[in-house]
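Trainee: With these hints in hand, go ahead and build the complete structure from the sequences.
2 protein chains.
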Amino acid sequence: MRDSNRTWHFAARPDGEPTMDTFDLREGDVPDPQFGQLLVRVRYLSVDPYMRGRMRDSESYAEPWAVGDPLQGGVVGEVVASESDEYEAGDLVTGRGTWSDYTVLDADDAAPVDPDVADLPAYLGILGMPGRTAYFGLLNVGDPRPGDTVVVSGAAGAVGSTVGQIAGLNGCRVVGFAGSDEKTAWLTDDLGFDAAINYKTTDDYGAALDDAAPEGIDVYFDNVGGPITDAVFPKLNVDARVAVCGQIAHYNDESVPTGPRKLPQLIAPRAKVQGLLVSDYATRFGAAKAQLESWVASGDLQHRETVVEGLEHAPDAFLGLFSGENIGKQVVRVSE
Amino acid sequence: MRDSNRTWHFAARPDGEPTMDTFDLREGDVPDPQFGQLLVRVRYLSVDPYMRGRMRDSESYAEPWAVGDPLQGGVVGEVVASESDEYEAGDLVTGRGTWSDYTVLDADDAAPVDPDVADLPAYLGILGMPGRTAYFGLLNVGDPRPGDTVVVSGAAGAVGSTVGQIAGLNGCRVVGFAGSDEKTAWLTDDLGFDAAINYKTTDDYGAALDDAAPEGIDVYFDNVGGPITDAVFPKLNVDARVAVCGQIAHYNDESVPTGPRKLPQLIAPRAKVQGLLVSDYATRFGAAKAQLESWVASGDLQHRETVVEGLEHAPDAFLGLFSGENIGKQVVRVSE
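As given, the protein sequences belong to chains D and C, one line each in that order. The first sequence lines up with residues 421 to 756 when you count with my numbering. The second sequence lines up with residues 421 to 756 when you count with my numbering.
Read the hints as simulated data drawn from the structure, not as lab findings. Please read these numbers as outputs of a predicted model, since none were measured by experiment. The reader is advised that the hints may include incorrect statements.
To be verified - So the derived label-pair ranges between C-beta atoms look like this:
#1 T608/C with E674/D: 34 to 44 angstroms
#2 D624/C with G488/D: 30 to 40 angstroms
#3 P677/C with D610/D: 49 to 59 angstroms
#4 Y481/C with E437/D: 13 to 23 angstroms
#5 R565/C with G456/D: 36 to 46 angstroms
Yeah, the Cβ is synthetic: ideal placement off N, Cα and C, and Gly gets one too.
Mentor: What follows is the structure in structure tokens.
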């Protein structure tokens, strides 16, 4: 066990794409948990696209990081010291900590992890925030009905891969956009997507959608934005629902991006476009967890994680999200 | 009474803004009503922005006009010959006819008009399709709640002026965009809008909204699109609703217009944007009519019509919609 603690800090606001200058690894003492807290040795750390928003100096749903702050995110790890009756040393937990070897969690904000249900990284993906985002975003905003055609962008990511599978369980035709042949093969061969489009090798997304979604699009679950979304909108069916979960194509834009106007395309289909944040569904997280665990246990939902080795490579893992390095959930293994 | 019948026909599909070459006035015989039909002498004829969509050769909610077709739209007039038990000569009716001196209506599709409730042109505006559009679009898609701030574009038009007043009746703060000082004065002085912005003389719509809607925007009823809409979206509050009723700024665009991307702006506020067509609410038109007539009778709803004199000037009346010539509903007086 290390007797010091490394933590990634937010070194500078990026201008456009973050670089290594955005991050600063500092070494310090292992923190002491206070009353009600747990000291956790981090096993796995989550990097997520929404974190790019916290790097901006502007109000949004997630508080902006101040320059110098430790970077924060989901972790899974082992309790090494407990100042709470709820957990004891040796327990495995998940919660929101720092990008560190050791992090302190409030016991009230931590949740137990059962390695018999799924491997630890899954608790940062399909059984964590991304899985809940997929569950509530698809079912509550997308509102899929049997026979619907559901299109998912970022379909091989943590959220998208879960969305597509839940849509399939709901009797929908499922079409995914992803950025490599390995990813599209995973979607169709392993996850049961009806069709998948490699957006990096396909020239005409509209024509590809004509093939893959010949009856039009009833639900679009958007993680990406940009040209994929531009191709989807003209094919929305009457009463279509668009869940805007993410817009990773635009997160590094420093000015407001432009593109084809979409509001004129909404009138004829009376389509509904709605932004979503998983935190709005917090009172129902327990129900989602039970359902997702059940689907994972039964094999109805498959999941996959891309593991970057070593806390020192956490920035690479984060940056890899924007170039699509990950298949499934991107995590960092911090310790064995 | 004329013993011939003039009818405007669709002469050529416009490229961009329609011109007089788009229209062709032909003279022919007064038609004979068949069984179940009425021959109506048109008093007033409606011109509406959505008609621009029917001039395109593409599928949409309203069937495209074929070149050579008579132009169609809402009319109010007097029955001069009836082949139906429901109406007799002398009755005043409204329905969907042609841009003509005389038009034939199916009695089943006609509705009686009571000049004691409102002047005839009102049956093409606040008591017609525009009024119903405002009623259902605001109440069902916009879903205004007391204390909300409601912003309306095209606020001095037939739909927008009704939307703003209904929002006011619902206890909302109401802000309208319109294109002249005469229009903005009408909104604030006569219709009870809390603020109105002249979009032709205001440079910075965002700053104007900061003044007019200091608590942000809960409901946006969009008839226009373009830069007004671009200024509204960044100010949407959490849980905001956007009703996309019209996009008149873009109706004459021949290619897909571009502008600031809006989907990234929807995530933090979890805003909902939805297209609307009044025809979806057809089963409830009776209830809307009763409510709107009651509000007009009580004076809770004001209305105004801009009357262009003479069937021969119907194209001017239509073209005037795109330059904002009308205050309230634009109609054409065809006969006394």
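Trainee: Next step is simple, just say for each hint if it's right about the structure.
Mentor: Hint by hint, here is what the structure shows:
1. T608/C with E674/D: 34 to 44 angstroms: Since the Cβ atoms of T608/C and E674/D sit about 39 angstroms apart, the hinted range of 34 to 44 angstroms holds.
2. D624/C with G488/D: 30 to 40 angstroms: 35 angstroms, holds
3. P677/C with D610/D: 49 to 59 angstroms: 41 angstroms, violated
4. Y481/C with E437/D: 13 to 23 angstroms: 42 angstroms, violated
5. R565/C with G456/D: 36 to 46 angstroms: Given about 39 angstroms between the Cβ atoms, the range holds.
In summary, the numbered hints that this structure violates are 3 and 4.
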